[in-house]
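Please take these sequences and the hints and turn them into a complete structure.
Just so you know, the sequences run in chain order A and B.
The first sequence begins at 1 in our numbering and counts up one residue at a time.
The second sequence begins at 1001 in our numbering and counts up one residue at a time.
Since the hints were derived computationally from the structure, they do not count as laboratory data.
Since the model is a prediction, treat every value here as computed from it, not as a measurement.
There's no promise every hint is true.
Just some of the chain A residues that point at chain B, by a computed CB distance under 10 Å [unchecked claim]:
id	residue
1	Tyr77
2	His95
3	Gly98
4	Gly130
5	Trp134
6	Gly148
7	Glu150
8	Ser154
9	Ala157
10	Val158
11	His185
12	Leu186
Backbone N, C-alpha and C fix where the C-beta goes; we use that ideal spot for every residue, glycine too.
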Amino acid sequence: MSSAFLADVERYRRSDRSKGCIETVRAVVRNYGLHALIAYRLGRLLVDPRRAWHLWLFWPIAWPAYFILSSYVRLVYDIRLALSADIGPGLHISHFGGISVRECRLGKHCSIAQQVQISSEDGKNGPDIGDRVWIGAHCKVEGHFRIGSESTLSAGAVIRRDIPEKSLCLGAPARIVIPGYDNRHLL
Amino acid sequence: MNASSSGSCRASEVVTVTKPGADHSTAQISLGQLFFDDLRFYSSLRHGRGPAILLSLFATLCNPGLWLLTSHRLTYLGKSTRRPLSATWWLAQIWLRFGLFFSAMFWRSDIARDCQVAQRVYLPNGGHLICGAISIGSGTIIHSRCTFGQAVSSRTEGRPVIGRDVWIGPNCVIAGGITIGDGATILPNTFLTFSVHPRTVVQGNPGRVVSQGFDNRGWRQSLTIFNAISADEQ
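In structure tokens form, the structure reads like this:
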């Protein structure tokens, strides 16, 4: 969990171009995406007893802390990262408001924006999203779809089918505009 | 939605095209004057002129969009001017520190500090506005869950300029260095990345021009018309 969170902080440091210790602390204090990720990583640590079984000692403190933190993030920033989502290390949330991520698998170093909704239709099988995927604002991924690594979902895209790797898709319902698109400059 | 019903364009109603980067700066107008103007505009939008003035005033003051607009005006004043002798300016300096947090907490909105919002602009009551536009002209009505900002990896670099008397529906994305002409109508769920001529109706994702020469004056008179549209669709 700590390594995943450190990867998140590293993403934010890179996007803010901050160097050094004090600027890192400033990045953690200022970025609301990191607040949401603190709550999410803490909750994931608590619900998975196999990875850190000795942590039940801290449950009387940690569960109320998780409850307060997640409520704060949900009410103030409206970022809902449910514990049923499996989010890889290095997530970047670029704006607040209307974000709901649940029942899905997000790979490493993904990037999401405001009003993004990633969920399943039936409550069980969610989308399977690869590594280094850039998901734009107002994007909707609802259902059991596989989205390949390094693909780019443009702002406002509504995904209704599987997306291969390294493709830029756009529109509602989404269609692939540029196959083999390089999104390294976005992340 | 019967968008092309009143397509006639009389000479008296022709409005001039706003230039890109148009100056809608309100830095020279006092905050009290601006707030009074906004109050009158919001009151006319939502309630009209009724006999119960106090009740209407109270209902208008309960409007979160009005306070979001006022908060942004304070931020803009603190960012764009330098008046160390004015108490309002010092209040704005404090608000520059905490304004983002408050606008996130109360209105779920984030408006760029240097965004020039003209007088008589309606900001959404439900919040969720991420606004990075250069300027917003007067008479514009913006509904909730809208995003104005830079387009990543597009031909149009920069931030959008929104003209006067534009009607922007909910859940719209306006991205790139584009100009939206005066009196344009942007229907709900539009994703717009190209410049729009005056009095054009745009719809869809990706956006396309539905009709031209549409007079959206009736749509801007009150906010209840949108409630009627959404009730029909659902």
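Okay, the hints, checked on the actual structure:
no.	hint	result
1	Tyr77	holds, 6 Å
2	His95	holds, 5 Å
3	Gly98	holds, 6 Å
4	Gly130	violated, 19 Å
5	Trp134	holds, 8 Å
6	Gly148	violated, 18 Å
7	Glu150	violated, 14 Å
8	Ser154	holds, 8 Å
9	Ala157	holds, 8 Å
10	Val158	holds, 7 Å
11	His185	holds, 7 Å
12	Leu186	holds, 6 Å
Of the numbered hints listed earlier, those contradicted by the structure are 4, 6, 7.
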